[in-house]
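Since the structure of chain W is already known, use the hints to place chain G on it.
Going down the list, the sequences are from chains W and G.
Mapping of the first sequence onto our numbering: residues 1 to 276, in sequence order.
Mapping of the second sequence onto our numbering: residues 1 to 276, in sequence order.
A few of these clues could be false.
[Stated by the list, open to error] Just a few of them, taken from the derived set where beta-carbon distance is under 7 Å, the chain W residues facing chain G:
| no. | residue |
| --- | --- |
| 1 | Pro-106 |
| 2 | Pro-142 |
| 3 | Asn-152 |
| 4 | Trp-180 |
| 5 | Trp-205 |
| 6 | Val-207 |
| 7 | Cys-223 |
| 8 | Pro-225 |
| 9 | Ile-229 |
[Stated by the list, open to error] Taking lysine-lysine pairs in the DSBU-like style, the calculated list, with each CA pair at most 35 Å apart, reads:
| no. | chain 1 | residue 1 | chain 2 | residue 2 |
| --- | --- | --- | --- | --- |
| 10 | W | Lys-74 | G | Lys-273 |
| 11 | G | Lys-275 | W | Lys-273 |
| 12 | G | Lys-262 | G | Lys-273 |
| 13 | G | Lys-262 | G | Lys-275 |
| 14 | G | Lys-74 | W | Lys-275 |
| 15 | G | Lys-115 | W | Lys-265 |
| 16 | W | Lys-115 | G | Lys-265 |
| 17 | W | Lys-275 | G | Lys-84 |
| 18 | G | Lys-74 | G | Lys-275 |
| 19 | G | Lys-74 | W | Lys-273 |
| 20 | G | Lys-74 | G | Lys-84 |
| 21 | W | Lys-273 | W | Lys-129 |
| 22 | W | Lys-74 | G | Lys-275 |
| 23 | G | Lys-273 | G | Lys-129 |
| 24 | W | Lys-115 | G | Lys-275 |
| 25 | W | Lys-115 | G | Lys-273 |
Everything labelled a hint here was simulated from the structure, so no lab data went into it.
Note that this is a predicted model, so its numbers are computed, not measured.
Ideal placement from N, C-alpha and C gives every residue a C-beta, glycine not left out.
There are 2 protein chains.
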Amino acid sequence: MTLDQLCLHTITTKPWSLEEAIDHYQSAGVGGISVWQNAIEAMGAEAAGRRLRASGLDVVSYVRGGFFPSVESKARQQAIDDNKRLLDEAAAIGAPLLVLVCGAEPRQPLSESRKQIQTGIEAVLPHAKELGVRLGIEPLHPMYADTRSAVNTLGQANDMAEAIDHDHVGVVVDVYHLWWDPELEQQIRRCGTAGHLFAYHICDWRVPTTDLLLDRELMGEGCIPLSQIRQWVRDAGFQGYEEVEVFSSRYWEMDQQEFLNKITKAYQDYVHKAKR
Amino acid sequence: MTLDQLCLHTITTKPWSLEEAIDHYQSAGVGGISVWQNAIEAMGAEAAGRRLRASGLDVVSYVRGGFFPSVESKARQQAIDDNKRLLDEAAAIGAPLLVLVCGAEPRQPLSESRKQIQTGIEAVLPHAKELGVRLGIEPLHPMYADTRSAVNTLGQANDMAEAIDHDHVGVVVDVYHLWWDPELEQQIRRCGTAGHLFAYHICDWRVPTTDLLLDRELMGEGCIPLSQIRQWVRDAGFQGYEEVEVFSSRYWEMDQQEFLNKITKAYQDYVHKAKR
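Extracted from the complex, chain W is given alone in its bound form (with noise of 0.2 Å):
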C-alpha cells in the first residue's frame, strides 16, 4: 500500500532532529510533513525551508500557533504579534496551513477567552491572507479548558469559522480531541459542506490513559471508531493528508525507526480496515 497520503507530525518522532525525520520519512515512503515549531528552531525557518523544498516531502501544515486569551491586553496584542511571526515561518517553509491551538485563560469564563481567540485570529487574519497561509482553528478536547483552548468540540470551531466568515479561516479535526462527541457525525459534515475542513489528525486512545498529555496511541490500539470518524471524514468530502500526531512519553523511549515502522504498519492497518 502507497503511503502517498500518510502525513507525520515531527512532534510524533520527537527525538529526531528535522533533518533525520525528513530522511527517514522519505526513505519509508511516507507523502507529507507537518512541522513543529521547535524542529526548525535551531536551524530556523529558512534554512528549514530549502531543506524541504529540496525533499520529495511535501509540507503539510506548521504547528503551532494560537494561544490568544490573557486578562493584560499587553499579553493578547504579543500573542497576536507572536503569530504573525509564525506565519511568516509557515510561509518560509512552505506550509500552506497554521494550526491553531487557540488557548485558555483559566482566569475568566471561557465565553470571554474565546471571544479573546476570535479577535486574535480576525487580527492576524490579513497578514495571512497576504501569505497565501490559512489558518485552522483545532477544538481541544474538554481536559484542555483549562488553559490549552478555549474551544472544545467540532460545533465551537465551526461556529467561529463561520462568524469570522473568510477563505483562510477553517477547522483542523483530531480524533483524539474529539471521539467522545455525539455531534461529531454532523459537525463534520457541516465544516465538510461549508469547505472549511482544512486538517485531519489521527491517532488513538489509549485504555487506560495515564497522562493528560504525554499518553496517546498509535491507531488501532485505543477505542476511538477510526473507520467510522474517517468515513464521515471522507464523505464531507476532505481528501487530504491523513496526519499521525502522537505525543508519547512510551513511544519517544523507543529506537525511532522501529517507531516508525509501527507506524506505518498502523496507519496501513487503520486503512485496511477501513476499506473493508
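Then chain G, alone, in the frame of chain W:
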C-alpha cells in the same frame, strides 16, 4: 454561616472509616453525607444504616451504581443484579438516591454503550420504585469516555432521563465533569424545568491537573466558574444539598481533620462569593 446545606461524600475523606467520618462531619456542623460503597463494606449496609440513623446527618445519596455496558450479555445481566443489590443497600442506609456512573465498553461504539445503559436502568427501575430509591444519571467528563461513562454531557443525560420518563430517574450535575460545556446553562435549565435535577456536586479543576482521576481541587482553588454554575442551578429551582466530592491523593495524605477544616472554609468562601 450554617453548614446545613453542605453535604460531604465519604470518599472525600477516604482515610476515615464511616464512623470517623460521621463523628467529624457532625462535629463540624455539616448537614448531609453521601455514602460510598467502600465506606460500608466493613460493617455492612444494615449496621451502617443504624449508625447513620442514630447520627444527626441527613443521608443524601449512595455512591455508586451503574457500569452497565459490556460486550457480554452475561456481564450485562450481572451489572443489573449488582445494581439491584446496591439499591437494597441504598434503602438500608436510608439514601433516597443511587448515583449512577453509567460505564462504557471500549470495544464497542459509545452509542451502543448508551443503549445498554438505558436498558440497564429500565431493568432495575421497578426495584428502585419499590424501594423508593431514585436513580441519578451522572454525566462524566469526556476524558472518562473510554471505560467510566458513555454519558459525557448533561444534554445526553437529559436525553436519557427524558427517554426513560419515570419520576424515579433523573440527573446529577457535577461541576468537575461539566464546567467546560458551552450548553451547560441551557441543559441545567432543562433538567430543572423537567423536575429531574436530583443532585449537585461541587469541587474545582486544578490548574494544572496532573492526574486524570485523583487530582481534584477544593472550591475556589481552580478554574471552574462556580458562582456562575451555582446561580444556574438555583435558577433551575434546585434547593438540595451542595455535595463536596473531591478525589485527591494530595488531600488524602493530609491530616483529615485539617482537610475538613479546609473544606468547610472553602465552602463558606464559595457561598459568600456566590452571594455577592
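Each hint, compared with the structure:
1. Pro-106: holds (4 Å)
2. Pro-142: holds (4 Å)
3. Asn-152: holds (5 Å)
4. Trp-180: holds (4 Å)
5. Trp-205: holds (6 Å)
6. Val-207: holds (5 Å)
7. Cys-223: Holds - the Cβ of W:Cys-223 comes within 7 Å of chain G, reaching about 4 Å at its closest.
8. Pro-225: holds (6 Å)
9. Ile-229: Result: violated, 11 Å to nearest chain G Cβ.
10. W:Lys-74 to G:Lys-273: holds (29 Å)
11. G:Lys-275 to W:Lys-273: violated (56 Å)
12. G:Lys-262 to G:Lys-273: holds (16 Å)
13. G:Lys-262 to G:Lys-275: Status holds; Cα separation ~20 Å.
14. G:Lys-74 to W:Lys-275: holds (32 Å)
15. G:Lys-115 to W:Lys-265: holds (34 Å)
16. W:Lys-115 to G:Lys-265: Holds, at roughly 34 Å.
17. W:Lys-275 to G:Lys-84: Roughly 43 Å between the alpha carbons, so the hint for W:Lys-275 and G:Lys-84 is violated.
18. G:Lys-74 to G:Lys-275: At roughly 51 Å apart (the allowed maximum being 35 Å), G:Lys-275 and G:Lys-74 break the hint.
19. G:Lys-74 to W:Lys-273: holds (29 Å)
20. G:Lys-74 to G:Lys-84: Holds - the C-alpha atoms of G:Lys-84 and G:Lys-74 are around 15 Å apart, at most 35 Å.
21. W:Lys-273 to W:Lys-129: Violated, at about 39 Å.
22. W:Lys-74 to G:Lys-275: Holds, at roughly 32 Å.
23. G:Lys-273 to G:Lys-129: Distance of about 39 Å is beyond 35 Å: violated.
24. W:Lys-115 to G:Lys-275: Answer holds: W:Lys-115 to G:Lys-275 is near 27 Å, not above 35 Å.
25. W:Lys-115 to G:Lys-273: Judged against 35 Å, a Cα distance of about 25 Å means the pair holds.
The earlier numbered hints that this structure contradicts are 9, 11, 17, 18, 21 and 23.
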